[in-house]
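With these hints in hand, go ahead and build the complete structure from the sequences.
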Amino acid sequence: MGNMKNTIFWIMAGLISGLGTFFSLETLLRVTGHEPYRTIYHERPWSERHPIMGWVNKPGIYNSNQPGNAPMTFLKGGRRATRPAKGRDGKYPKKVFLVGGSYAQGYGMKDEESLGWLLNKRLPHVDLQNYGTGGYSTYQSILQAQYRLVLQENPPDVVIYGFAYFHHERNVLTFGWMQSLRSNHGERFAAPHVVVEDGKLAERGPFSVRNWPLEGMSAFVRFIHDKYLQFLFYGREKQMVPVTRELLKAMNDFASSRGIKFLVAILEDLGMEELFTDFMDKKGIGYVNCTFPDSWNPRNRLGGTGHPKPEVHAFWAKCIGDSIEPMLREGVAY
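Under my numbering, the first residue of the sequence shown is numbered 1, with each subsequent residue one higher.
One or more of the hints may lead you astray.
Restricting the straight-line Cα-Cα distance to at most 30 Å, the calculated cross-link-like pairs of lysine-lysine (DSSO-like) are [what the hints assert, rightly or not]:
hint : residue 1 : residue 2
1    : 110       : 58
2    : 261       : 309
3    : 58        : 318
4    : 261       : 121
5    : 261       : 249
No lab work stands behind these hints, which were simulated from the structure alone.
Structure representation (structure tokens):
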């Protein structure tokens, strides 16, 4: 009987001590700015899940959440509107795909202020199909172009990839990028990405990152989960540049093998241009640097910190237009 009492005593003492340690750590973490996991829900999301690309633009008209709350029109298949409705079903002699992230998508812009619309206005004889999608990487842009080609009878004449310096982080899915992604249900979401394994590129599909029990209530549980995820994603930053270079080459090879011209339009380099332009020169990949001067100045961003303003999109449209017009003429090399 005495042994049982001693056992119960030590079990209770251990539990009390463990709970005390837990609450002490919980308090310390909260005092130092750590919080439980906060689920972020989208009231009217502009995207929907896709088994290959992770997500695609959802057909409809959706207001952006940046200053101005610009309405953005997405058509069937996730295309951003690039011309008035009465001209969308016309037959045009040339076809161009535009792929990329939110800059190519024109996030925060009214339809008529977006890159795709302005570029199509300059090239009225072209069926410009803008599949730019907010949050996309180089890898997702490749998947997008491949997927749309399968669904269409006639291939495009040119594929334009709107490249920004931060896409290299998305390509390998760093811990920081994964933490910023949320599904429409509020859970963390891992985008399709590529990693290096045994010296070769290995493709990884999209998946949700489920919360641990009590993570929504405890800063300590969230802290431990974050450390675990950091361990799983450790070393991805070292792969960003070499992986992105190989993806640019793969994108160019894919287009060339189908007789499609390919152009990398650098929309923002922020001092990282030399990491990729020398490589593209060496591999014969066509590109043009359309970085807007002083692009990160608050006066050039929505609300001072958001996406680029209409003036930047107009600059991009002129820069890209100057480069692809010769590519669309028969018999003219680029």
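Hint check against the structure, violated hint numbers in rising order = none
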